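Undergrad: Listed below, chain by chain, are the residues.
Protein chains: 2
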Amino acid sequence: MSELVEKAQRASELATRLAVCTTEQKNDALKLIAAQLLEETAFILTENKKDLAAGRANGIGDHLLDRLRLTEERMKDMAEGLHQVADLPDPVGEILEGWERPNGLQIEKIRVPLGVIGMIYEARPNVTVDASSLCLKTGNTSLLRGSSSALHSNKAIIDVIHRALEISELPTDSVQLLEDTSRETVTKMLQLNECLDVIIPRGGAELIKTVVKNATVPVLETGVGNCHIYIDDHADHKMAVEIAVNAKTQRPSVCNSTETILIHKDWANKHFGALVQALKEKNVEIRANEKARQLDHSLLPASKEDWKTEYLDLIVAIRVVDRLEEAINHIQTYGSKHSEAIITENEENVAAFFKQVDAAALYHNASTRFTDGFEFGFGAEIGISTQKLHARGPMGLPALTSMKYIIRGTGQIK
Amino acid sequence: MSELVEKAQRASELATRLAVCTTEQKNDALKLIAAQLLEETAFILTENKKDLAAGRANGIGDHLLDRLRLTEERMKDMAEGLHQVADLPDPVGEILEGWERPNGLQIEKIRVPLGVIGMIYEARPNVTVDASSLCLKTGNTSLLRGSSSALHSNKAIIDVIHRALEISELPTDSVQLLEDTSRETVTKMLQLNECLDVIIPRGGAELIKTVVKNATVPVLETGVGNCHIYIDDHADHKMAVEIAVNAKTQRPSVCNSTETILIHKDWANKHFGALVQALKEKNVEIRANEKARQLDHSLLPASKEDWKTEYLDLIVAIRVVDRLEEAINHIQTYGSKHSEAIITENEENVAAFFKQVDAAALYHNASTRFTDGFEFGFGAEIGISTQKLHARGPMGLPALTSMKYIIRGTGQIK
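Protein sequence lines correspond, in order, to chains A and B. Numbering (the working numbering) for the first sequence: 4 to 417. Numbering (the working numbering) for the second sequence: 4 to 417.
Please keep in mind that the hints were generated in silico from the structure rather than gathered at the bench. Check each hint, because a few of them may be wrong.
Because identical chains cannot be distinguished in the list, a pair is counted as satisfied if it fits within a single copy or across any two copies.
Stated by the list, open to error - Derived EDC-like pairs: lysine to aspartate or glutamate, alpha-carbon spacing no greater than 20 angstroms straight-line:
1) K212 <-> D90
2) K112 <-> E350
3) K283 <-> E103
4) K307 <-> E284
5) K307 <-> E329
6) K158 <-> D269
7) K273 <-> E245
8) K285 <-> D69
9) K285 <-> E16
10) K216 <-> E245
11) K283 <-> E329
12) K417 <-> E245
13) K417 <-> D239
14) K112 <-> E100
15) K417 <-> D316
16) K311 <-> E350
17) K241 <-> E293
18) K307 <-> E197
19) K212 <-> E197
20) K358 <-> E111
21) K358 <-> E27
22) K241 <-> E172
23) K79 <-> E42
24) K112 <-> D375
25) K417 <-> E384
26) K212 <-> E328
Remember, it's a predicted structure, so these values are computed and weren't measured experimentally.
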């Protein structure tokens, strides 16, 4: 039997046992893992150095090396994160609804774990801790498939987690790491419907596309954000500039940063120069449509490709529009249904925007950068769902749960 | 452009328009469709006769012919069903949650339509009306792919629906039928992620398997039910027999009927004969394990294949077990996580059963036959979900919705 099938079956067998563990047992285990990670920091950093050396030898670049790198500081952050997850309320067992039928049947809808979660992710080894903790807290067993470039680090982390789980009351193999990181094995994992209840990909657009394309197991899709700010003709001048600049530049590499600014022509006629100047001060490269370039001939022209692009960089596309509807149509055509904002003092325009734009998160007079589990107050984030089934937008612990109906009768037959 | 892509793009374009229609506009349209169906009953029955004649010529069998057949009575039922859906509360626009963040952001979570629903189903033409009405009520455009054997009937029904929608305030093409029913086109439909938000298969196990295997669009899986009744040693004798017989025989062809009866040996020692007799009176064929056959040598032996089989027929597998845990293990091994019942007067055993068995619906002292949207009081049923993401168990109108976050700020930046 392959490593994949063996571990997946084990995860499936243990799911029932983990599902009935108490909140206290789960929280104790999370704290034990935190303590063990701190105690074995030296071991993990030694293993991490092997990945870093191999990465350097393979020329993977400074950016990726930084994502791969663990430090004492980062280890402390992971331990802190585990304590934070332990402190969150346990969604499992929550009674979501309850009612009685005319025939006397008492129906309750209660939250239960999903079962077995398959997690597929890229370089950062801290995701191993992060994913483990969120799955454990929600009573799900997990099968983790990290990047081959982080295999030494991930193996070390999982060893440490196992040593902590051994002294906890949870099954030791509640979390398992797949050491075979080959493409063929990933493809098989994506189709292991008899063992896995859900697959969550975490990483770049290519990874997510591959998972969605090949999975027969249900997928919680996360990721791509081609977000827009629409500056209405009734926008406050200072607020609009501040929000647009923040949404573009505060952290350009993340999915909730803004990629295109749409501007009503009347606002643009008055304030375009101020916006362009503020963006340029932050070293943002601007690609603009014809109407915008008429206001500033020095700007580069934008192509249709620009409207579609998630730059994740200090580049922004700007389109001056004639009316709100043109902005909404643009967003519907090119947006990825992630986060969209309108800046205006006109409530009617807000209402139209909120009603007609289809996206996970719609903002009025705020930066798109707030689409985030922590900013929403969820205390944890599994990712930001860009699909419409099950969970949409920032996903907290409840996104890792399902439900079951409990029906109590007194002999009812049909 | 193929019919599929053209209609799917149209559905996608119209989704935004349909999503903002009011409850009144949607309900009026449903009632207009009901009236139009009654008015054009003769036309639809004439078209239906063509399908029946072709079906007979192809020798499709009486059972399938019956599913294909429309009558005045069935037309009236459809019209009545449309009025019932119109009378249900509209889930769209419901505010699910609302809270304020320390930075002053006001967050609301509101229910919205899914967008475009692809429905793939088999012979019965009444599903065309059923699916259309549920999608319209929830503000979703739909692309319907029925069986080629019902194409005349489905086309006639869609023509009638379009004539009703023309005089309504909803877009006429809110509902569309795919006339190209080829396999290749279905496969393409299953992978049309840029236009479809969800695929719902309705039909037999083979259809559902094909959809799950080939779809890259998220699927709402429905269907297979290998359901169990466990008769505990503390079960009331009369109630246990009554529920077991009802769950097996009241309508054996449906997914929530029971396929295997698990019996604690102590109960079996006293009451096995009475149960067997009651089942035989209803012409149920029994396949039993060795321990059961020791109590009645006349019974056929059960194989492992029997434990796995959804008979959908007057056949039942019986297994006498030594204890509750053996019953729970059996269910976890062979069940399809649909509906499982325990008959007992022992509350501790109920608690263990409810906690340890992983299924959409768990019953205490009631028949598994109640797993149904109408019996649960939902007023409508899209199907019974056997997956754990998004919706589990009977799906009412809310299962056809998603949500979006609406965030109101006063200039917040990060």
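Undergrad: So, for every hint listed, does it hold in this structure?
TA: Hint by hint, here is what the structure shows:
1. For the homomeric pair K212 and D90, neither the shortest alpha-carbon distance inside one copy (34 angstroms) nor that between copies (41 angstroms) is at most 20 angstroms.
2. In this assembly of identical chains, K112 and E350 lie within 20 angstroms of each other by CA distance solely across copies; the values are 19 angstroms between and 38 angstroms within a copy.
3. Taking the closest pair of Cα atoms, K283 and E103 never come within 20 angstroms of each other, the shortest separation being 63 angstroms inside a single copy and 34 angstroms across copies.
4. Taking identical chains as interchangeable, the C-alpha atoms of K307 and E284 are never at most 20 angstroms apart, the minima being 26 angstroms within one chain and 73 angstroms between chains.
5. In this assembly of identical chains, the alpha carbons of K307 and E329 lie at most 20 angstroms apart only when taken from the same copy (15 angstroms versus 63 angstroms across copies).
6. Taking the shortest Cα distances, K158 and D269 never come within 20 angstroms of each other, neither inside one copy (58 angstroms) nor across copies (50 angstroms).
7. Within a single copy, K273 and E245 get their C-alpha atoms as close as 16 angstroms, which meets the 20 angstroms cut-off; across copies the closest is 80 angstroms, which misses it.
8. With identical chains, the CA atoms of K285 and D69 are never at most 20 angstroms apart, being 24 angstroms at best within one copy and 71 angstroms at best between copies.
9. In this homomeric assembly, K285 and E16 never come within 20 angstroms of each other (Cα to Cα): the closest approach is 54 angstroms inside a single copy and 38 angstroms across copies.
10. Taking CA atoms no more than 20 angstroms apart as the test, K216 paired with E245 passes in neither setting, with 39 angstroms inside one copy and 48 angstroms between copies.
11. Within a single copy, K283 and E329 get their C-alpha atoms no closer than 26 angstroms, and across copies no closer than 70 angstroms, so neither meets the 20 angstroms cut-off.
12. Proximity of K417 and E245 under a CA criterion of 20 angstroms is satisfied inter-copy only: 10 angstroms between copies versus 64 angstroms inside one chain copy.
13. Taking the shortest alpha-carbon separations for K417 and D239, only the inter-copy value of 18 angstroms comes in at or below 20 angstroms, while the best intra-copy value is 63 angstroms.
14. In this assembly of identical chains, K112 and E100 lie within 20 angstroms of each other by CA distance both inside one copy and across copies; the values are 5 angstroms within and 18 angstroms between.
15. Taking identical chains as interchangeable, the C-alpha atoms of K417 and D316 lie at most 20 angstroms apart only when they sit on different chains, with a minimum of 17 angstroms there against 62 angstroms within one chain.
16. Taking identical chains as interchangeable, the C-alpha atoms of K311 and E350 are never at most 20 angstroms apart, the minima being 29 angstroms within one chain and 59 angstroms between chains.
17. In this homomeric assembly, K241 and E293 never come within 20 angstroms of each other (Cα to Cα): the closest approach is 24 angstroms inside a single copy and 82 angstroms across copies.
18. For the homomeric pair K307 and E197, the shortest alpha-carbon distance between copies (18 angstroms) is at most 20 angstroms, but the shortest distance inside one copy (43 angstroms) is not.
19. In this assembly of identical chains, K212 and E197 lie within 20 angstroms of each other by CA distance solely across copies; the values are 12 angstroms between and 23 angstroms within a copy.
20. Only between protomers do K358 and E111 lie at most 20 angstroms apart by alpha-carbon distance; the minimum there is 13 angstroms, versus 33 angstroms within a single protomer.
21. Within a single copy, K358 and E27 get their C-alpha atoms only as close as 43 angstroms, which misses the 20 angstroms cut-off; across copies the closest is 17 angstroms, which meets it.
22. With identical chains, the CA atoms of K241 and E172 are never at most 20 angstroms apart, being 56 angstroms at best within one copy and 42 angstroms at best between copies.
23. Taking the shortest Cα distances, K79 and E42 sit within 20 angstroms of each other inside one copy (11 angstroms), while across copies they are farther apart (73 angstroms).
24. Proximity of K112 to D375 under the C-alpha cut-off of 20 angstroms is restricted to the inter-copy arrangement: shortest distance 14 angstroms between copies versus 28 angstroms within a copy.
25. Only between protomers do K417 and E384 lie at most 20 angstroms apart by alpha-carbon distance; the minimum there is 18 angstroms, versus 44 angstroms within a single protomer.
26. In this assembly of identical chains, K212 and E328 lie within 20 angstroms of each other by CA distance neither inside one copy nor across copies; the values are 31 angstroms within and 42 angstroms between.
Of the numbered hints stated above, those contradicted by the structure are hints 1, 3, 4, 6, 8, 9, 10, 11, 16, 17, 22, 26, listed in ascending order.
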